[in-house]
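S.K.: Residues per chain are reported as follows:
Number of protein chains: 2
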Amino acid sequence: MVVNVVINGYGTIGKRIADAILLQDDMKLIGISKTKPDFSALLAYHSGIHIYAPKENIERFENAGISVAGSIEDMLSNADIVIDATPQGVGAKYKPLYEKHGLKAIFQGGEKADLVDISFNALCNYEKALGKRFVRVVSCNTTALCRIIWTLKTNFGVKKVRATIVRRGADPHEIKKGPIEALVPNPVTLPSHHGPDVKTIIPDVDIVTTAVVAPVSRMHMHIVNVELEKTVTADDVIDALDKAPRILLFSEKSGFNSTAAFIEWARDIGRKRYDIYEVPVFKESITVVNGNELWLMYGVHQEAIVVPENIDAIRAIFELERDGFNSINKTDNTLRILRRWP
Amino acid sequence: MVVNVVINGYGTIGKRIADAILLQDDMKLIGISKTKPDFSALLAYHSGIHIYAPKENIERFENAGISVAGSIEDMLSNADIVIDATPQGVGAKYKPLYEKHGLKAIFQGGEKADLVDISFNALCNYEKALGKRFVRVVSCNTTALCRIIWTLKTNFGVKKVRATIVRRGADPHEIKKGPIEALVPNPVTLPSHHGPDVKTIIPDVDIVTTAVVAPVSRMHMHIVNVELEKTVTADDVIDALDKAPRILLFSEKSGFNSTAAFIEWARDIGRKRYDIYEVPVFKESITVVNGNELWLMYGVHQEAIVVPENIDAIRAIFELERDGFNSINKTDNTLRILRRWP
Chain A
1 MVVNVVINGY
11 GTIGKRIADA
21 ILLQDDMKLI
31 GISKTKPDFS
41 ALLAYHSGIH
51 IYAPKENIER
61 FENAGISVAG
71 SIEDMLSNAD
81 IVIDATPQGV
91 GAKYKPLYEK
101 HGLKAIFQGG
111 EKADLVDISF
121 NALCNYEKAL
131 GKRFVRVVSC
141 NTTALCRIIW
151 TLKTNFGVKK
161 VRATIVRRGA
171 DPHEIKKGPI
181 EALVPNPVTL
191 PSHHGPDVKT
201 IIPDVDIVTT
211 AVVAPVSRMH
221 MHIVNVELEK
231 TVTADDVIDA
241 LDKAPRILLF
251 SEKSGFNSTA
261 AFIEWARDIG
271 RKRYDIYEVP
281 VFKESITVVN
291 GNELWLMYGV
301 HQEAIVVPEN
311 IDAIRAIFEL
321 ERDGFNSINK
331 TDNTLRILRR
341 WP
Chain B
1 MVVNVVINGY
11 GTIGKRIADA
21 ILLQDDMKLI
31 GISKTKPDFS
41 ALLAYHSGIH
51 IYAPKENIER
61 FENAGISVAG
71 SIEDMLSNAD
81 IVIDATPQGV
91 GAKYKPLYEK
101 HGLKAIFQGG
111 EKADLVDISF
121 NALCNYEKAL
131 GKRFVRVVSC
141 NTTALCRIIW
151 TLKTNFGVKK
161 VRATIVRRGA
171 DPHEIKKGPI
181 EALVPNPVTL
191 PSHHGPDVKT
201 IIPDVDIVTT
211 AVVAPVSRMH
221 MHIVNVELEK
231 TVTADDVIDA
241 LDKAPRILLF
251 SEKSGFNSTA
261 AFIEWARDIG
271 RKRYDIYEVP
281 VFKESITVVN
291 GNELWLMYGV
301 HQEAIVVPEN
311 IDAIRAIFEL
321 ERDGFNSINK
331 TDNTLRILRR
341 WP
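These protein sequence lines map, in sequence, to chains A and B. No gaps in the numbering here: position 230 of the first sequence is 230 in the numbering used here, and each next residue is one more. No gaps in the numbering here: position 39 of the second sequence is 39 in the numbering used here, and each next residue is one more.
I should point out that these hints are in silico values taken from the structure, not numbers from a laboratory. Be aware that a few hints might be false.
Pairs of lysine to aspartate or glutamate residues, derived as EDC-like cross-links and limited to a Cα-Cα distance of at most 20 Å, are as follows [said to hold, decoys possible]:
hint	chain 1	residue 1	chain 2	residue 2
1	B	K253	A	D38
2	A	K272	B	D19
3	B	K272	A	D74
4	A	K253	B	E174
5	A	K176	B	E252
6	B	K177	A	E181
7	A	K253	B	D38
8	B	K253	A	E62
9	B	K272	A	D19
10	A	K36	B	D275
11	B	K36	A	D38
12	B	K36	A	E252
13	B	K176	A	E59
14	A	K177	B	E59
15	A	K176	B	E181
16	A	K253	B	E59
17	A	K253	B	E62
18	A	K36	B	E174
19	B	K253	A	D275
20	B	K272	B	E181
21	B	K176	A	E181
22	A	K100	A	D74
23	B	K253	A	E59
24	A	K253	B	D19
25	B	K176	B	D323
Take a look, some chain A residues computed to stay more than 12 Å from chain B by CB distance [as the list claims (entries may be wrong)]:
hint	residue
26	K36
27	H46
28	S47
29	I180
30	I263
31	R267
By construction, the Cβ of each residue, glycine as well, lies at the ideal position given by its N, Cα and C atoms.
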């Protein structure tokens, strides 16, 4: 079976999911929707992707030299599933239209959990999403937390998680968002939404998170404190994270001493758009105190980390693979996601 | 003839020149030198590049799993030419060693003009560098100014140039340089060194430049005011820049309204490390007042713009091509440098 996929919204996440779908042999990209004929639309068009646009904007596209394949409704009528990659909260407004077209749909982490049948992370709950109609891939920060916590939980048991999330202020292409000189509690009241969001995936975890926005654009960073069930050494944790998919350990000895180094590494290895799908962990930050209290720090590439999760979510919904690890392996091979480096 | 090239210094510029040499059929990369076994050295080693290191550091490399091919002197004894990509001012200290080995050498724009036989820009003075022994590829900012001024001069004549250079504070991987919240006249006294540096390439131009460092890392920007010999329209200038190599025009209508958009575009088209070898000009900034007074603004990708110039400089030194345009075309084809977009 080949699943016919359309993507509503072709921004930071949408364009990356489009590229990822083009690499799969069990999915076909029918088209994407754009509202404005900007360079991103031009690039998609020149690479042979079918562009759909709101009826009232089609003339603007044609004037910009982009032939439009049809309206957004036309696009939806050609699909088995729509990936909603519209801005935060807009997906909820589109859901009735997706329902009208009898479509299955994947929403992103900006939408509320109660919009869907299940919130999704490939490592934690792939099997629970089998055959579901409406699935939400949780946000970048929640995805990273889930991968880390799940790995710790299955290896050592987790009593509680206390985490601070230092968020990027804007994506690298954004020029009208801030802060540019402030640290912003986000929100001032605790907890941040990330803890409750993790519970949509791992319901029984005791977790409190707080978040701060910083004037950076390329990555988030998490500082995580976990009380484990078992007594462990740092090496035990390093072994467990090293074996887990979509988590990579990077040593300060090789120069990995900042999020900037992660990005430079991704540029040097030739990743398109320097995308880091994995959670890059500062290896030497992994520290155990009092026998079972673990600390660690890692980066989260907000533009890229959810891309493989969206691909796996499609496979779960259509039961293209019944075992999550099979889907993860397939996705990781096509996206050249690393299990270990170097 | 195939020229045996070694690169002394494998940082921002050195690693890019190495990649570019690997794409040429008339040059062979014999090896590169590194002082520390960081991830950049690991990547080069795992991609099959021969690594040379200072004798006293070889053990550190071996401990990091990197087999070293020899000392820096060993490297130099295997080459026809060395590309010096060491930090600013260090090249001058190495020159006697290059001379001792009977080598030709290319230095970067951080070195002084009187260190070499000729300062070089492929578009402006390729033929003058034919057969020379010591050549300096001028800095990123001077390279961009030269491409623009040369194109204007050959098309319309140039009476004088007055330019402001807004410089990036640090490269994206650098975490110990600033400013992070200030604008810094660079220097306070006028002119900045860029104007005199342009004259090492285009001696007869009347040019004054001033520079300011800003808290950005991905690109410089130039605001240039040129008094032309001829009366022109903006469209005349657009046509001339459009036809010139290594200059690209980008329209605000397609969303090109900041240096961030240039970078996002380069990421989207899949450029390794999002390298922009071309001078990306804000098309709508091109404005003519009083008949012959031109204004324009453009970005300069400081990490990448001099890479093709280094390749051309090798060809000039060994007279692999006697016509500069033949070398430019060959380099541009191999690096997939665009003459126009889309």
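S.K.: If a hint holds in the structure, say so; if it doesn't, say that too.
M.R.: To see whether the hints hold, each was checked on the structure:
1. K253(B) to D38(A): holds, 7 Å
2. K272(A) to D19(B): holds, 16 Å
3. K272(B) to D74(A): violated, 36 Å
4. K253(A) to E174(B): holds, 17 Å
5. K176(A) to E252(B): holds, 16 Å
6. K177(B) to E181(A): holds, 17 Å
7. K253(A) to D38(B): It holds: about 7 Å lies between the C-alpha atoms, which stays within 20 Å.
8. K253(B) to E62(A): holds, 13 Å
9. K272(B) to D19(A): With a Cα-Cα distance of about 16 Å, the restraint between K272(B) and D19(A) holds, given a limit of 20 Å.
10. K36(A) to D275(B): violated, 26 Å
11. K36(B) to D38(A): Roughly 43 Å separates the two Cα atoms, so the pair is violated.
12. K36(B) to E252(A): Holds, at about 13 Å.
13. K176(B) to E59(A): Outside the cut-off at roughly 49 Å; violated.
14. K177(A) to E59(B): violated, 48 Å
15. K176(A) to E181(B): holds, 18 Å
16. K253(A) to E59(B): holds, 14 Å
17. K253(A) to E62(B): With a Cα-Cα distance of about 13 Å, the restraint between K253(A) and E62(B) holds, given a limit of 20 Å.
18. K36(A) to E174(B): Violated, at roughly 35 Å.
19. K253(B) to D275(A): violated, 27 Å
20. K272(B) to E181(B): This hinted pair is violated, its Cα atoms lying about 30 Å apart.
21. K176(B) to E181(A): holds, 18 Å
22. K100(A) to D74(A): holds, 13 Å
23. K253(B) to E59(A): holds, 14 Å
24. K253(A) to D19(B): Given that 20 Å is the threshold and the Cα spacing comes to 25 Å, the pair is violated.
25. K176(B) to D323(B): Violated, at roughly 43 Å.
26. K36: violated, 8 Å
27. H46: violated, 6 Å
28. S47: Answer for S47(A): violated, closest chain B Cβ roughly 9 Å.
29. I180: Check fails; 8 Å does not lie beyond 12 Å.
30. I263: violated, 7 Å
31. R267: Violated, because the least Cβ-Cβ distance between R267(A) and chain B comes to about 4 Å, which does not exceed 12 Å.
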